[in-house]
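J.: In the order they appear, the protein sequences are chains A and B. So that you can map any letter, position 686 of the first sequence is 686 in the UniProt record's numbering, and since no number is skipped, the others follow by simple counting. So that you can map any letter, position 342 of the second sequence is 342 in the UniProt record's numbering, and since no number is skipped, the others follow by simple counting.
Rather than coming from a laboratory, the hints here were simulated on the basis of the structure. All values derive from a computational prediction rather than experimental measurement. Among the clues, some could well be false.
[Unchecked claim] Cut-off 25 Å, straight-line C-alpha distance, at most; resulting in silico cross-link-like pairs (DSS-like, lysine-lysine):
#1 Lys353/B x Lys24/A
#2 Lys387/B x Lys45/A
#3 Lys84/B x Lys45/A
[To be verified] Just so you have them, the derived chain A footprint on chain B, three or more residues with Cβ under 8 Å:
#4 338–347
#5 351–358
[Stated by the list, open to error] Just the calculated beta-carbon pair ranges, DEER-fashion:
#6 Lys351/B x Asp73/A: 17 to 27 Å
#7 Asn344/A x His38/B: 27 to 37 Å
#8 His38/B x Asp73/A: 26 to 36 Å
#9 Arg52/B x Asn344/A: 34 to 44 Å
Ideal Cβ placement from N, Cα and C applies to all residues, glycine included.
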Amino acid sequence: MPAVSKGDGMRGLAVFISDIRNCKSKEAEIKRINKELANIRSKFKGDKALDGYSKKKYVCKLLFIFLLGHDIDFGHMEAVNLLSSNKYTEKQIGYLFISVLVNSNSELIRLINNAIKNDLSSRNPTFMCLALHCIANVGSREMAEAFASEIPRILVAGDTMDSVKQSAALCLLRLYKTSPDLVLMGEWTSRVVHLLNDQHMGVVTAAISLITCLSQKNPDEFKTCVSLAVSRLSRIVSSASTDLQDYTYYFVPAPWLSCKLLRLLQCYPPPEDGAVKGRLVECLETILNKAQEPPKSKKVQHSNAKNAILFEAISLIIHYDSEPNLLVRACNQLGQFLQHRETNLRYLALESMCTLASSEFSHEAVKTHIETVINALKTERDVSVRQRAADLLYAMCDRSNAKQIVAEMLSYLETADYSIREEMVLKVAILAEKYAVDYSWYVDTILNLIRIAGDYVSEEVWYRVIQIVINRDDVQGYAAKTVFEALQAPACHENMVKVGGYILGEFGNLIAGDPRSSPLVQFNLLHSKFHLCSVPTRALLLSAYIKFINLFPETKATIQEVLRCDSQIRNSDVELQQRAVEYLKLSSIASTDVLATVLEEMPPFPERESSILAKLKKKKGPGTVSVTDLEDSKREGGELNGGGERGPDTAAMAASNASTPSPSADLLGIRSAAPVGAAPASAGSLLVDVFSEAGPAAPSAAVNDDGFLSSAPPSEDPAPPLPEADELLNKFVCKNNGVLFENQLLQIGIKSEYRQNLGRMYLFYGNKTSVQFASFTTTVSYPGELQSHILFVQSCSCMFRNQYTSENWDTACYSTSPIFAH
Amino acid sequence: MIGGLFIYNHKGEVLISRVYRDDIGRNAVDAFRVNVIHARQQVRSPVTNIARTSFFHVKRSNIWLAAVTKQNVNAAMVFEFLYKMCDVMTAYFGKISEENIKNNFVLIYELLDEILDFGYPQNSETGALKTFITQQGIKGQSQTKEEQSQITSQVTGQIGWRREGIKYRRNELFLDVLESVNLLMSPQGQVLSAHVSGRVVMKSYLSGMPECKFGMNDKIVIDKQGKGGTTEDTGKSDLGGGSSGKQSIAIDDCTFHQCVRLSKFDSERSISFIPPDGEYELMRYRTTKDIILPFRVIPLVREVGRTKLEVKVVIKSNFKPSLLAQKIEVRIPTPLNTSGVQVICMKGKAKYKASENAIVWKIKRMAGMKESQISAEIELLPTNDKKKWARPPISMNFEVPFAPSGLKVRYLKVFESKLNYSDHDVIKWVRYIGRSGIYETRC
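Generate coordinates for the entire structure from the input sequences, incorporating the hints supplied.
T.: Right under this line is the structure:
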């Protein structure tokens, strides 16, 4: 850039800058700058007009001072004057000052826009370029308003110079990015697309950036660019490295343009026209072939440029996902890179392969590299590469290699970096569940997982293992045995204790026959861990103990002894104390029949999407999530995924259960992130009890039902429970009033008050639509003995108003107020 | 306790680094450089906490002295030590500058070893230090065993600041009362805040171990004597040339050199001491009442349109006509968009200094009860900035030959019982110098 051409060198500026650089201290610098500012002020103030040269020099100095971090509050006018100069350097400095220092000063903006307009309409290409650069650099809304209509004209005009076209394309891109609503392509669209055919490679490169951006927003308008891009690409790919002279970079023809073309094509589906498609496939094949050729240069730039094109081509192939041949070839090419000594290449290869693995055509091809990937997981120095390797292993896993991959991931977990452990744990858990052929392997795997990476195992993982064990009869005995053995270890993780407590409480009887695991031994084993656990785990263990009393009456005395001791029955934690007291009473008062009913085995859980998957999605960035999504949706049909695999009886049971979801079943499901037995969960079930049985003080066993005691009779909820209703229910833990249910049509509110043994509930129904509800009835059903307690039901039926406003609650409401007593 | 001591030049390069405790690592040196010396915003607090490490710094011209500690030390102690350190260095090699520090590299390390031991300050009395840390290299054989043991007993003894057996042919002492007067005045001439901080500096060349007694017109002492009816000293020791006729001053607070017997000051309010040899600071004090303001500044600023400013400043000297003020300098700030200045003054020289954004008016000498005036026309460049000029205050520098606090030395008596010279044989000199501190008038 000829900023300071010969004979035009601003000596004053050079002296000033060297003065500043030589300043010993900040104070000295400030003094020098103050002096210079005073000098410039007196010069600008001077009555005699300054010539262009000195004006340029002083504006330059001001700019320098500004860039040093000092405020400049004058000189704008002089800079604007420079814009109208005919000398390139003066104009350039003027534009530079404006681009750096412009603020929304209305009168100046008008002057500046005027000057820019003049330059744009001049026939001088350098001036036009300067003006375009200034617009792009400022890129403000005012600029966009003034010039958004002007620039496309310059861009497509036949007589515009190539360099100006380049600037215009990039300037338009900038304006489009800052204020897309002002840049309307309309009639220019096709002519802009045809810039892809331009003779000048620079123009094409600039234009393609613009087109890519525009076509992302409205792909249909720019559809025609596909065939043009393909032909352009094929011309570049087939050209010899010497054809493109200026645009050949280390023997690679136009690498940047190629990459941009390939990226543009990724905005569109595969071309429908057979000829175009053939040509494109040919191009991609050529690119893949070229990768096999020996390098023309040993310079790193050469291989970088070549590989950049290759990787773009591979992502295009993956994007199309329709050419099995190409996909397999791409996969093989990536396989070579997996062993390359460049770490970056290995990283990129792993990343691309991860997406390739999700394609049905190349999945098998990816699988052949499993050994290499496992090796990468073990030996890579860089943690990010290891992470990619883990991702790829996850993606390439299917039933045939699940055992191997899960085993490898488990063994890697022991040494894995802390940052990726939790994610690894989730992945192992998901894979183990998804591809479990026999569930004893699954149980082994998860227990191993808890043993190896206890702290990183989230709640969802162990919820899930319990759900599966409960739903499948055949593993229950094995699970109980394994858990029992795992708990023998002197130090085991709290999650292990939770799983152990739950499973032994449910299925301890299955292994009680063996004298080595007699009921008392089981109990002592669990109780030996009791004191090392946190409150929620202790609560769970207490529930396990009461289940023991039911399963093995011979342990009753021992367990009652434990419950009776001060550390339980007078525990400072309310939850633990309550459980201890209630379980003790329950075990001593209730007959064995009652006990057996109350402490019945848990019913199977309803089938649902694994909560672990949801957790993994939440944890990972959006980019990777889409990959897993893709993969899941693709596999759903064929592979064993949840319901299809399981026996029809389980599925049926699950289905029947799902229709009347017992509130307690929910506790192990997705929404209950809170640990079992923690306050909100148990209170949540209390609330559902209130709702279903219309009694504030339901039997105490049901009150603290933590999902373990399934004795609560299956309730017939008056309102069909909706997923979001559960969330709403949680609100009622602490308050008596609120919205119970809401959808687009109806809002149901509840208001309740309790005094001693009396309770009163109001239900409010609000019509949210603009039309009237006809024949609206509410049915209140009172299960069991509660019926006899209800004193009074008053229901006043009145009309729903058409117009319902939220402020005007009363007019639209309708109340049912049962009063009941015990 | 002090963990380490670093000296940096203005660029932040370490000139001296002495670490006394293990809890201070090498990175502490860089931490101070990065966070204080090279900080984006100027660091104004003298104490900086970086990563649980406290840095106490003082700046002398371009040199930074920083004491570092990880413990919760007495900050006043650390600063007192740093100032003492500066005094000691000045006494050894004059001005504290990068060049001097580099030239006296070994000496500084030797001093640091002596005056700070495991972070605890030791004897920092220049006179005492000079007896065994010299710049002439090792004295070697010339120092006998007795002399060495004498040094030990003196340094560790009760009077660590003076050695025995000093002899002068002529017993002489110089007393300087140095004051700096600070003022902030409103444009209408109302005093918004004013105080004087003063020092009594003594240079003594006395033989033996003399006992001295210092007296001044401290209000409490005068009142006490007035009650007792003993007025023997009045008028007799009026050595100074003060201007006011008032008899006594109220001292707000004062600090003494370690040689002053504080118990005696507390009980009788008399200042008695055995002085160190050579120059030292006897006391420091501060007063806020009845200050004699040597100059009055009357500003007059008029804005003529948007592009012109007229400034007129009158200064009046307010002390005995027989006294002469010196080195008078008035600094009138100018707006930031000044494009030209014309100045007319009756006396002295005035100049617009663009680098400082101020008009500087200098007068060499000015007698008391006189008046002088400057007027300036400032041309302004219209800017698109709507910010109004903040009008910083007009500041002033000067030097006057009296104490603006009104302090007067009444007597300084010297008693030496062992050697045969009496108070009358000692030649005594007293000098008063009043300087401006921050002496500002709003306009």
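J.: With reference to the structure, classify each hint as holding or not holding.
T.: Now the hints, each set against the structure:
{"no.": "1", "hint": "Lys353/B x Lys24/A", "verdict": "holds, 20 Å"}
{"no.": "2", "hint": "Lys387/B x Lys45/A", "verdict": "holds, 19 Å"}
{"no.": "3", "hint": "Lys84/B x Lys45/A", "verdict": "violated, 53 Å"}
{"no.": "4", "hint": "338–347", "verdict": "holds (count 3)"}
{"no.": "5", "hint": "351–358", "verdict": "holds (count 4)"}
{"no.": "6", "hint": "Lys351/B x Asp73/A: 17 to 27 Å", "verdict": "holds, 25 Å"}
{"no.": "7", "hint": "Asn344/A x His38/B: 27 to 37 Å", "verdict": "holds, 35 Å"}
{"no.": "8", "hint": "His38/B x Asp73/A: 26 to 36 Å", "verdict": "holds, 28 Å"}
{"no.": "9", "hint": "Arg52/B x Asn344/A: 34 to 44 Å", "verdict": "holds, 40 Å"}
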